[in-house]
Structure formats: structure tokens, C-alpha cells
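Q: Residue strings, one per chain:
2 protein chains.
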Amino acid sequence: MFSTIETPRLVLDKARLEKNISRFRDLAAAHNILLRPHLKTSKSLDVAAIANGNAKSGVTVSTLKEAEYFSAAGYTDIMYAVGITPNKFAHVKRIADQHKNNLLLITDNVIVARASADFAEAEQCQMQFLIELDCGESRGGIALDAPELLEIAQIFDQCPFISFMGVMTHAGHSYTTDDKERIGEIAEIERKTVVEAAARLAQINIQSEIISVGSTPTFIFAKSFDGLTEVRAGVYMFFDLAQFSRSICQLDEIAISVLATIIGHAKQSRSLIVDAGAFALSKDISANTFLPDAGFGYVCDPVTMERLGQLSVDTVHQEHGNIRLDDDAWFERLPIGSMVRILPNHACPTAASFENYLVVENEAIVTEWQRVNRW
Amino acid sequence: MFSTIETPRLVLDKARLEKNISRFRDLAAAHNILLRPHLKTSKSLDVAAIANGNAKSGVTVSTLKEAEYFSAAGYTDIMYAVGITPNKFAHVKRIADQHKNNLLLITDNVIVARASADFAEAEQCQMQFLIELDCGESRGGIALDAPELLEIAQIFDQCPFISFMGVMTHAGHSYTTDDKERIGEIAEIERKTVVEAAARLAQINIQSEIISVGSTPTFIFAKSFDGLTEVRAGVYMFFDLAQFSRSICQLDEIAISVLATIIGHAKQSRSLIVDAGAFALSKDISANTFLPDAGFGYVCDPVTMERLGQLSVDTVHQEHGNIRLDDDAWFERLPIGSMVRILPNHACPTAASFENYLVVENEAIVTEWQRVNRW
Numbered sequence: 005m006f007s008t009i010e011t012p013r014l015v016l017d018k019a020r021l022e023k024n025i026s027r028f029r030d031l032a033a034a035h036n037i038l039l040r041p042h043l044k045t046s047k048s049l050d051v052a053a054i055a056n057g058n059a060k061s062g063v064t065v066s067t068l069k070e071a072e073y074f075s076a077a078g079y080t081d082i083m084y085a086v087g088i089t090p091n092k093f094a095h096v097k098r099i100a101d102q103h104k105n106n107l108l109l110i111t112d113n114v115i116v117a118r119a120s121a122d123f124a125e126a127e128q129c130q131m132q133f134l135i136e137l138d139c140g141e142s143r144g145g146i147a148l149d150a151p152e153l154l155e156i157a158q159i160f161d162q163c164p165f166i167s168f169m170g171v172m173t174h175a176g177h178s179y180t181t182d183d184k185e186r187i188g189e190i191a192e193i194e195r196k197t198v199v200e201a202a203a204r205l206a207q208i209n210i211q212s213e214i215i216s217v218g219s220t221p222t223f224i225f226a227k228s229f230d231g232l233t234e235v236r237a238g239v240y241m242f243f244d245l246a247q248f249s250r251s252i253c254q255l256d257e258i259a260i261s262v263l264a265t266i267i268g269h270a271k272q273s274r275s276l277i278v279d280a281g282a283f284a285l286s287k288d289i290s291a292n293t294f295l296p297d298a299g300f301g302y303v304c305d306p307v308t309m310e311r312l313g314q315l316s317v318d319t320v321h322q323e324h325g326n327i328r329l330d331d332d333a334w335f336e337r338l339p340i341g342s343m344v345r346i347l348p349n350h351a352c353p354t355a356a357s358f359e360n361y362l363v364v365e366n367e368a369i370v371t372e373w374q375r376v377n378r379w
Numbered sequence: 005m006f007s008t009i010e011t012p013r014l015v016l017d018k019a020r021l022e023k024n025i026s027r028f029r030d031l032a033a034a035h036n037i038l039l040r041p042h043l044k045t046s047k048s049l050d051v052a053a054i055a056n057g058n059a060k061s062g063v064t065v066s067t068l069k070e071a072e073y074f075s076a077a078g079y080t081d082i083m084y085a086v087g088i089t090p091n092k093f094a095h096v097k098r099i100a101d102q103h104k105n106n107l108l109l110i111t112d113n114v115i116v117a118r119a120s121a122d123f124a125e126a127e128q129c130q131m132q133f134l135i136e137l138d139c140g141e142s143r144g145g146i147a148l149d150a151p152e153l154l155e156i157a158q159i160f161d162q163c164p165f166i167s168f169m170g171v172m173t174h175a176g177h178s179y180t181t182d183d184k185e186r187i188g189e190i191a192e193i194e195r196k197t198v199v200e201a202a203a204r205l206a207q208i209n210i211q212s213e214i215i216s217v218g219s220t221p222t223f224i225f226a227k228s229f230d231g232l233t234e235v236r237a238g239v240y241m242f243f244d245l246a247q248f249s250r251s252i253c254q255l256d257e258i259a260i261s262v263l264a265t266i267i268g269h270a271k272q273s274r275s276l277i278v279d280a281g282a283f284a285l286s287k288d289i290s291a292n293t294f295l296p297d298a299g300f301g302y303v304c305d306p307v308t309m310e311r312l313g314q315l316s317v318d319t320v321h322q323e324h325g326n327i328r329l330d331d332d333a334w335f336e337r338l339p340i341g342s343m344v345r346i347l348p349n350h351a352c353p354t355a356a357s358f359e360n361y362l363v364v365e366n367e368a369i370v371t372e373w374q375r376v377n378r379w
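So the protein lines, in turn, are chains F and U.
Sequential numbering of the first sequence, starting at 5, is according to the working numbering.
Sequential numbering of the second sequence, starting at 5, is according to the working numbering.
This is chain F alone, in the form it adopts within the complex (with noise of 0.2 Å):
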């Protein structure tokens, strides 16, 4: 089915998108929770209408860009889920006027919501803003405890052209281990963050709207949702093997594959030469911690998605990479020209080396559709 394509190019099956997101919108309705799927990984629109059931609201995007390709195609309700500065307030009030959507924004910061309030007021431009948790990971968002997260409520709260609208965490630190208890608990004091701070909030009479949390592993291991109003998620649409290494799915639901040729026989260093390099699959190994034979990408038929044997991509360089043979035989299997298919670490960088998707469907191609990637 591949035989006339350029190579490489990133593959995505439908039918295991579908599946993929059906059992993340099931897991959803069960617990009468709302999903606002995140967008990073797939940034598309197509990807989007199925993650979405075609409802264009209710989203969360990690650039302004992302903002605004969704706001240009009518999406509204979409929350910027990277702490906002200063120095993008003009692009944010930009998509505000084209597009007529209002973003949700994020931050942890006093001088941060200082400058929206001044802004919003001397640009009379409406803003909405959540306040960021920190619920373990130590990258954004302030400690439950701390002073500021009155006093940024506050600042909120006090200007009229800021509408306050909640509380929102993610529990990165999730893909740490792969033990699930582990992650459940990690789930559990991610939800307990954003209820705690909600209801120290409410105590000085500042209602959140919003109480929001996110990761895909916490999503599948959470044993409550109490007091939550919605989940973040995104890497559940396509998965990739760092999710297999830890138990959040198998191999046959990766949805996302690199195709590539082979290109050499590196018959001295036993190996064969593919046209997907770090470029391609990206350097991004995080699969390798718990699946050391991850390398950058598992190798697999084409068509079945079988993997190969135990091939691996082991090493790349910008345009080639490197699968390491354990038998002479891989060189009448795979010669020259023939085509594979490379399972890949980490879905969002793979995804983001290119600009669109080959989709296929009951082994056929079926479309292509266009990514929005950079900033």
C-alpha cells in the first residue's frame, strides 16, 4: 500500500484512533467526568473532531499557535495550558478580536496577574485566567500553601475585565514509575491539589469554576474524581511505547508510525540503514527507562504492525538510522528499498517532526491530514 510514497512519513490508523479515543471518552462518561483533550500531541483539526465528537469547545492547546488555529476554525473554550507572560498578551488579545474567542490562561505568578489586570484594563480587553498548581512534578504552578495563591485570586478578582475561572494542575511526574498503584496515588493527591485549592479560595468567597487535572497515566489510574470538574489529556489519542513501557496500553493501540525504507545493509556492522533518523523519530528516548530494548523506535511490518523479530532503531544521526541485527537473514527480508514501520518513543516530538499525517484505514491509505506545528 506503500509502494509510491516518499519516504519517511508519519502514518496514523484511524481505526486505532478511534478505539483509542472511544476508550478515553467511555472512561469519561463512566465517571460523569468532563474530558478536555489536549491538543499538543495530534495539533490537528481532524484529529480534534474525533477527540472531540465534533464539538468545537471545551480544548486545551500548549502554544498560542495551537490557539489560534482552533479559534480560526470556530473552536472556542480553549485553555493555553503554559503559564502566560507579558510579552504575549497583544497575541492572545489578537485571537480574542480576529476570532472572537476569549482563551483560558494560565499562571502561578503575582506579577503576572498584576500585568493582565493592567493590561485587560488599559487594552479594555477581557481575559480569563486559572491559577497552576503544583502538585508534585516542581515545574509550573504554585504550592498548595503558598500566600499567593489568594493573592493572585484576588488581583482576579478585583478587575473587572478579568474573569476568574478556577484551579488547574498536571501531574507530570506520572510517567515516572510504572507501577500503577504508584500512579494512582499520584492521581490522588494531583485531584486533591486543585479540590484544596478550590475550597481555600471559596473561603475568601472566590468560586472556581473550573477544578481541572490532567495526564493520560492518571486519567487511566484514578480512583476518584470527587470534586474535579473536568480531566486534560492528549497522548491517549495516538499512545507511543514510552505509554506501553508503562502499562498504559499495548502495542497494537499505538496509533502513530514513522514509515520509512531501507536504505543500506551495513554489512560490516551488521545493521541496516533506514531513512528515519533523529529528524524522523526524534532524540526523545523516554520509553527506554522502563523498555531498555525501546531504542528510538520498535521496528514493524508495514502492513501487519507486527514488530521484527526484536529490531529496534538503536542508533540515528540526522537523516539515517540504524537497526542492529541479531541475523544475517534480516538482509534478504528487508532489502534495499523495502519499506517498515517505526513505533516511536514519544508520540508529541515524533508527530511534530512533520507537517502532516498519512492516514490509513483497513490497509489503505485514506487522507492526508495537516498538522499546525513551532510556535
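Keep in mind that the hints were calculated from the coordinates and are not lab data.
Every residue gets a Cβ at the ideal spot worked out from N, C-alpha and C, and that includes glycine.
There may be inaccurate statements among the hints.
To be verified - Taking CB as the label site, the calculated pair distances span:
1) F:36 x U:180: 53 to 61 Å
2) U:22 x F:204: 50 to 58 Å
3) U:228 x F:98: 43 to 51 Å
4) U:339 x F:367: 37 to 45 Å
Starting from the known structure of chain F, arrange chain U on it as the hints suggest.
A: Structure of chain U alone, referenced to chain F:
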């Protein structure tokens, strides 16, 4: 100078770029050897024009998309330095037809050579080929003593539509050491490999017009260029921490950096958060082998480009970078909203995260240059 710039942005220092290029052009002139700049790092017409002294001929590329972009701009004598396979022949022919430019292709394989001859005859299409040798990296290329060397050359020699152009190799393993003597030895093996390959071919009356080697480290530390017709190198235009870590360049010669904004003060983990994460910096950590504090990049003052204390980007998430602090005073020195410039580990993947360069000169933004990414 950057106050109105939305971050992250890729910044290119024009004075440093020109100095690096001059150094290599002078080196080539001193050794009386042709420098065929590799454009895979910059992927930019503007950078290529400086690198090639405005000559539109004699360059190297890593993708057919680059080949097409430079061909469309009038470049000729372009070597596509990744082994070709039959699924890319149609693209090669399209470039030849549309842009009147016959690429220099490479192969290390008898099957590809035969397929090329068949394609060239069937399509009445002129093609030009070099044979790729392995000089120790064990990536692409055949061994010097492989019988296929003669066999491939004969296939080309006998095909009326194919011009056999010569031999090439790449000492990518020169990056595995920071010992100048050892790099010099690798350079000598690189040189001998192709010179001796050309001699083997001359014995069967097949002449090599091009005898080509190349890598930035081996070019600098080579003891001899005898018998070579040209050298390929690319990263020397920008340099990076990987080159600095191997004593190939000084810190103040690195021409490329990522402009980022401090978007968070994570007091609980004593770190700064910047809006340059894995997607802006890449996950390449190749400098760390010989420069353990490189992390995901050195953090510098945005104007003076002096490194700020011992600060590096220590961890990255998709859009977040985390800078661990040795002193709380940094929270005062780098308030939320202030900017830094980050020197990258490896210029090639970092630059590939962006569509364009913000070009600065004499502490002012002078222009924007475009790049051609992907395939």
C-alpha cells in the same frame, strides 16, 4: 532589543556566522581544497549564499526537499548525501526536469545501482552517481575492499544515462572523541579510504572526478588533503555546545541560540521555568558526553551572550524548560517576563525546530531568514 518578540525564537548572530564561514573558507583556501558546504544545518538560502560566497554551485544537502529548494533557487552541482532508493527516483527526475538540475546521488549498493540504470534508461533520464564508502563509522557506505565497489562502478560506467562521478565518505565517528590527535587520525583514515577507493577504480579504468570527505572536526584537524578534490562540512557555520565540548570552537563563536522568556519561578524546586522546552531546544544532549553541565543548553544574557553563572536548562518538557538554581538571587536577577538566550547542544536539530531565523547584528534585529524543513 527583544522586548516585543514572542518567544521561543531562533536567533542567528550574523557577525559570528560570517566569522565562522570565513574561517572555514580560509582553511579550505590554505589547503587548496574545495569546500562543498553542507546545508543540512542551516537549510537556508541566505546562509548558503554567505557560506558559498554567492556561488550557486557546489553544495551538499540531506533531503530531496532541500535539493529541490536550492535547485529552484538556481543552485547546481548539489550532492544529496544520503543513500538513494528507487522510491525517490521520481522526485530526483522531477527536480531534474523542473529545475534543470541533475543531482549528485550516492549509493553503496549493487541493487540500487542496477535499479538506477534501469530507471535512467526507461525514463531516458540523466543521472549522476558517487559510491559511498565506510571509513569506520559503520553507518552508510561499503568497505574499501568490498568487491561491490568495482561492481557498482561498472554498472554505472556501462549505463549511457549515468555519469559515474567518484567516491565519498563521512567520518561521523570523529564526534566520538574530544582528542585532537585522534580526530586527526580519523581524518587520515577518512582521506585514505576514498583516495584508495579511487585508485582501485582507476585500475579498472574508471576515473573519479570527485573524491570527497567531510565532517567539521576532521576538516579542522586533518593532517593531509592529498588526493582529495573536496571537503564537505556544515555545522561549522553555526557551531554549538557539542562542538565546543570537543574544542572545535569557542563559546563566543556559537552563532545560534534560542531566545526564551522566564515564565515561572518554581520556588519549591528552586528553579526557573522558560518557554523553551523539548520542542524548541530538541532532546539532543550530545554535548554532555564531554561537557556534563551542558544539559539542554547554556543559559546566557540575551544581549551580551555571556553565560549566566553556571546556569543550564536541566530538564525539558514539551514547551517548558527547567533551570535549576544554585542561588536564590537568580529569582531577582531574572524576574518573570525577562529573557535569556540558550546556546544549543546541537545546532542541527535545534534549528530544525523553527521555520526561520531572527537575524541579529550589532545588538539589533536586522532581518528574518527562512528555512526549508522536513522532507
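Q: Each hint: holds or not?
A: Hints and how they fare:
For residue 36 of chain F and residue 180 of chain U, the hinted distance range of 53 to 61 Å is satisfied, since their beta carbons lie about 56 Å from each other. The given range of 50 to 58 Å is respected by residue 22 of chain U and residue 204 of chain F, whose C-beta atoms sit roughly 57 Å from each other. Residue 228 of chain U and residue 98 of chain F have their C-beta atoms about 59 Å apart, which leaves the hinted 43 to 51 Å range violated. A C-beta distance of roughly 56 Å is found between residue 339 of chain U and residue 367 of chain F, which places it outside the suggested range of 37 to 45 Å.
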